[in-house]
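**Student:** Those sequence lines, one after another, are chains E and U.
All residue numbers for the first sequence refer to the numbering used here, where the first residue is 10 and numbers rise by one.
All residue numbers for the second sequence refer to the numbering used here, where the first residue is 10 and numbers rise by one.
Hints may contain errors.
Each pair may be met inside one copy or between any two copies, as identical chains are not told apart.
[Stated by the list, open to error] Below 27 Å or equal to it, Euclidean Cα-Cα: the simulated DSS-like pairs (lysine-lysine) are: (1) K341 x K238; (2) K293 x K341; (3) K341 x K70; (4) K241 x K293; (5) K140 x K102; (6) K140 x K58; (7) K241 x K142; (8) K102 x K142; (9) K423 x K385; (10) K68 x K238; (11) K385 x K293; (12) K358 x K385; (13) K238 x K293; (14) K58 x K142.
Since the hints were made in silico from the structure, they are not lab data.
Each chain is listed here by its residues.
2 protein chains.
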Amino acid sequence: MDMGNRLERPGVTPTLDEVFCPRGVAVVGASASNLSFAELVVHALKDAKFPAIYPVNPKYKEVLGLACYASLTDIPGAVDHVIVNIPAESVLKLLDDCAAKRVRSVHFFTAGFGETGDAERAELERAMLVKAKAGGFRIIGPNCIGLYVPKSRLVNNLNSPLEPGPIAFISQSGGHAQNLPNYSRARGLRFSKVVSYGNALDVNESELLDYFSRDPETQIIGAYIEGVKDGKRFMRVLAETAARKPVVIYKGGRTEAGRRAAYGHTASMTSSVAIFDALCRQAKAIPVDDVEEMIDVLTALRFVHPLPRDTGAALMGAGGGPSVLAGDEMEKEGLRMPCLSPAVQAELKQSLPVAGSIFINPLDTPNLTAPDAISKAMQVIGRVPEIHMLIYHLGFHPISHWGLGRLSLENFVKPAIGVMKEAMRKTGKPVLLAMRPPQGLDGMTEFLAAQQGFVEAGFPVFYSMRQLARAMVRVIAWNRSCPHSRGRAKS
Amino acid sequence: MDMGNRLERPGVTPTLDEVFCPRGVAVVGASASNLSFAELVVHALKDAKFPAIYPVNPKYKEVLGLACYASLTDIPGAVDHVIVNIPAESVLKLLDDCAAKRVRSVHFFTAGFGETGDAERAELERAMLVKAKAGGFRIIGPNCIGLYVPKSRLVNNLNSPLEPGPIAFISQSGGHAQNLPNYSRARGLRFSKVVSYGNALDVNESELLDYFSRDPETQIIGAYIEGVKDGKRFMRVLAETAARKPVVIYKGGRTEAGRRAAYGHTASMTSSVAIFDALCRQAKAIPVDDVEEMIDVLTALRFVHPLPRDTGAALMGAGGGPSVLAGDEMEKEGLRMPCLSPAVQAELKQSLPVAGSIFINPLDTPNLTAPDAISKAMQVIGRVPEIHMLIYHLGFHPISHWGLGRLSLENFVKPAIGVMKEAMRKTGKPVLLAMRPPQGLDGMTEFLAAQQGFVEAGFPVFYSMRQLARAMVRVIAWNRSCPHSRGRAKS
Numbered sequence: 010m011d012m013g014n015r016l017e018r019p020g021v022t023p024t025l026d027e028v029f030c031p032r033g034v035a036v037v038g039a040s041a042s043n044l045s046f047a048e049l050v051v052h053a054l055k056d057a058k059f060p061a062i063y064p065v066n067p068k069y070k071e072v073l074g075l076a077c078y079a080s081l082t083d084i085p086g087a088v089d090h091v092i093v094n095i096p097a098e099s100v101l102k103l104l105d106d107c108a109a110k111r112v113r114s115v116h117f118f119t120a121g122f123g124e125t126g127d128a129e130r131a132e133l134e135r136a137m138l139v140k141a142k143a144g145g146f147r148i149i150g151p152n153c154i155g156l157y158v159p160k161s162r163l164v165n166n167l168n169s170p171l172e173p174g175p176i177a178f179i180s181q182s183g184g185h186a187q188n189l190p191n192y193s194r195a196r197g198l199r200f201s202k203v204v205s206y207g208n209a210l211d212v213n214e215s216e217l218l219d220y221f222s223r224d225p226e227t228q229i230i231g232a233y234i235e236g237v238k239d240g241k242r243f244m245r246v247l248a249e250t251a252a253r254k255p256v257v258i259y260k261g262g263r264t265e266a267g268r269r270a271a272y273g274h275t276a277s278m279t280s281s282v283a284i285f286d287a288l289c290r291q292a293k294a295i296p297v298d299d300v301e302e303m304i305d306v307l308t309a310l311r312f313v314h315p316l317p318r319d320t321g322a323a324l325m326g327a328g329g330g331p332s333v334l335a336g337d338e339m340e341k342e343g344l345r346m347p348c349l350s351p352a353v354q355a356e357l358k359q360s361l362p363v364a365g366s367i368f369i370n371p372l373d374t375p376n377l378t379a380p381d382a383i384s385k386a387m388q389v390i391g392r393v394p395e396i397h398m399l400i401y402h403l404g405f406h407p408i409s410h411w412g413l414g415r416l417s418l419e420n421f422v423k424p425a426i427g428v429m430k431e432a433m434r435k436t437g438k439p440v441l442l443a444m445r446p447p448q449g450l451d452g453m454t455e456f457l458a459a460q461q462g463f464v465e466a467g468f469p470v471f472y473s474m475r476q477l478a479r480a481m482v483r484v485i486a487w488n489r490s491c492p493h494s495r496g497r498a499k500s
Numbered sequence: 010m011d012m013g014n015r016l017e018r019p020g021v022t023p024t025l026d027e028v029f030c031p032r033g034v035a036v037v038g039a040s041a042s043n044l045s046f047a048e049l050v051v052h053a054l055k056d057a058k059f060p061a062i063y064p065v066n067p068k069y070k071e072v073l074g075l076a077c078y079a080s081l082t083d084i085p086g087a088v089d090h091v092i093v094n095i096p097a098e099s100v101l102k103l104l105d106d107c108a109a110k111r112v113r114s115v116h117f118f119t120a121g122f123g124e125t126g127d128a129e130r131a132e133l134e135r136a137m138l139v140k141a142k143a144g145g146f147r148i149i150g151p152n153c154i155g156l157y158v159p160k161s162r163l164v165n166n167l168n169s170p171l172e173p174g175p176i177a178f179i180s181q182s183g184g185h186a187q188n189l190p191n192y193s194r195a196r197g198l199r200f201s202k203v204v205s206y207g208n209a210l211d212v213n214e215s216e217l218l219d220y221f222s223r224d225p226e227t228q229i230i231g232a233y234i235e236g237v238k239d240g241k242r243f244m245r246v247l248a249e250t251a252a253r254k255p256v257v258i259y260k261g262g263r264t265e266a267g268r269r270a271a272y273g274h275t276a277s278m279t280s281s282v283a284i285f286d287a288l289c290r291q292a293k294a295i296p297v298d299d300v301e302e303m304i305d306v307l308t309a310l311r312f313v314h315p316l317p318r319d320t321g322a323a324l325m326g327a328g329g330g331p332s333v334l335a336g337d338e339m340e341k342e343g344l345r346m347p348c349l350s351p352a353v354q355a356e357l358k359q360s361l362p363v364a365g366s367i368f369i370n371p372l373d374t375p376n377l378t379a380p381d382a383i384s385k386a387m388q389v390i391g392r393v394p395e396i397h398m399l400i401y402h403l404g405f406h407p408i409s410h411w412g413l414g415r416l417s418l419e420n421f422v423k424p425a426i427g428v429m430k431e432a433m434r435k436t437g438k439p440v441l442l443a444m445r446p447p448q449g450l451d452g453m454t455e456f457l458a459a460q461q462g463f464v465e466a467g468f469p470v471f472y473s474m475r476q477l478a479r480a481m482v483r484v485i486a487w488n489r490s491c492p493h494s495r496g497r498a499k500s
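Looking at chain E on its own, in the form it has when it is part of the complex:
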């Protein structure tokens, strides 16, 4: 029986690269009777066809059809990563088993440590860290949902996409670490690695940022941070990382209530948001205000090409009231909408209907879902030097469009993609889409099909004008301030 996993390098602490590619995973505390995190993970790993999953629980012989072991040391195969969902009181004994089994990493879903404010629990955390150092393995957490690494089939949620992408996300919150990939999936965001690191007992935000700055699989980095333990180191690493790749940061605990919650959540003493945001900007990171804005900014960084360095935008789409609203929302967030000159307006009027139309920017004509009209509008307006991006919106909530099948994949999406790509090629300006999702089943299938069409064709899709504008203002400010980004932006 091969008890050691790392006989090849006994006593050497594994690299994060090794941590992210485990050969076998044990799930300690999995039960056959109760649907807690441990069973969810076993279920998810099975669905993802992870090759070697070992539930551990002395009470069961089998969990979800897999052989269940009484203890970690009973497992015959190699175990590199251990996922732990047992009470805090029992973890020290388990860590001895982890050392004996020579695992690379131990992820504690288990909560009830330093974040409770209890001195004994904080002491327990220190003892855990000593055992990890001595045993030559890393600790993820405690109080988190751990690792999601698509290329390794290492998942921590059901239905997680298995195709990798260029975005890394680190999160002090397990909820956000689950929600962000799920919620952004339809927008086309895919991830190299997602790390939920909770109380940051061992692996922390600074080490992770440093790793991702050099990770060839990662081009864009997102971070949800409640508090950092070594502020100086963090700011130094952040500046070094942001000099190489865009880093988007949502600092949780932005208000008094948020700060209180953050302390109770991960024992983080959060600092002043104003100072934190200022330091982020100084480090050339991109601060955002919430998880949705994180998704929007990641979408812009991933799919807007070329990334503008100026806020002048043209807005086009069908509907008068929605155009007024869209124009309001854009300028309120800080995108400028340069007025179209009489000459440009006249050129547009040659081929677009005048009745029921608005020609000044925003452009609204009754036929602006017809590919010919979109093509004409984008090519004429795209040549205006003050316009740096072309934004196409589909009204406030075009449920009747979707419902009536007028904007189907064949009638609308595919031809629209064709003319939009042509306009981008001819004008050198990026095209962005604002499409509000239905908030019910009515029209949802049609909306999702349209979204999928645009996303698979490489377009950035935003769910409202406000969100689109806010994200672009953030990204443009970053792009202007950032010397290294010049190569990315051609407009």
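With chain E fixed as given, assemble chain U onto it according to the hints.
**Tutor:** For chain U alone, kept in the frame of chain E given last:
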């Protein structure tokens, strides 16, 4: 053949009450071949079982299975309301027919009038008004989608709810007039009358506000306004109306781009938003920034009972990161979250689990979807004098909850409604819900069922903490400033 509809009172201009209850509706310009607004309306009126629908178009004998007439005067029955979708050039002749037929009101969907900026088109509008005055009928629009009056089965969109409710909505935009009722349907908002009035050639915002201030079927008024033609009259009527009923106003054209769009849209010269908002507040109306906020504020006015006069709120729900985010969003928008005292925290800890929990406000415990835990939390926290409302949130995006069926109608919604109603009764504090909809099909059926359960039980449901908080801050400020509202607010 009875050519006259109002032989009983020849020459007398009808009241708006009469306009809102037409016996017969003609749809001029309906065609059998093309799906434009006219066919949509015929289709919608048929679905709504409106009793007497008369398509008018000399080219057809039949439209959507209904007899189609060559002209208005060929219609045998009474026609009180005429919906017009023919080119602007042909409208004067039609208005002669309207006078001959003695109709009560003519709604012009047709655009291409004053809003084009063309002097001839503006002159045409003046000629239309002269004919309406002489003919003793009212004009709605032009350039709008007209009337939606559920109790009369008078609809202008497919699938419009036919049960009336206490909210009136007037809108200078047809898009918003369609979207607001559709979009707010699942939130439980129902309408007495919705009037899209476009260019406001005849029936305008001041007359409508005045009408709704006295309409016994209306308790709450919403208005989307791009520009007013008689500012003094409008402000006087607004103050009089707001002294009787809450009035929520979204002023379109809040930015330079929005203003340009508004002029192109309905020929409205919009004024400075700062001045308009200040005047609204002085008149005790509630200004909002967009259509979604309008829906949120209407939801608060309709379903939060008693309406608080103070911003102190308690937040509870499952998930650490989501609780930090929710706390941040609440305080950022201006709701205060008073810290729970050690005594209150200790009382909560007696019956709620400590590990993985946050106890300070926000309250986050792993079992906070269990009815017993919700009940305990709400009854203990609801007794705190500084807390004026109890907010229950379901995380950022509880797709796994919905998807796994944990939050089903039977397991979660029905028991939760029971304990929440009990907590409201015992503490006298309102309970509000924040539930983020899935943005796809996954979990949507479960989400919609849960939403429907809560809404039908009379709870206000908001789609994010930010939206909930922003709406409540608006409504509380109004409630504090408004002497007449005291009777409404007991907390």
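**Student:** Evaluate each hint against the coordinates.
**Tutor:** The hints, checked one at a time:
no.	hint	verdict
1	K341 x K238	between (37 Å within a copy, 25 Å between copies)
2	K293 x K341	both (24 Å within a copy, 24 Å between copies)
3	K341 x K70	neither (61 Å within a copy, 51 Å between copies)
4	K241 x K293	within (16 Å within a copy, 51 Å between copies)
5	K140 x K102	within (10 Å within a copy, 92 Å between copies)
6	K140 x K58	neither (32 Å within a copy, 76 Å between copies)
7	K241 x K142	within (24 Å within a copy, 77 Å between copies)
8	K102 x K142	within (15 Å within a copy, 91 Å between copies)
9	K423 x K385	within (17 Å within a copy, 54 Å between copies)
10	K68 x K238	neither (39 Å within a copy, 78 Å between copies)
11	K385 x K293	neither (38 Å within a copy, 47 Å between copies)
12	K358 x K385	within (10 Å within a copy, 65 Å between copies)
13	K238 x K293	within (21 Å within a copy, 49 Å between copies)
14	K58 x K142	neither (32 Å within a copy, 76 Å between copies)
When each numbered hint is compared with the structure, violations occur for hints 3, 6, 10, 11, 14.
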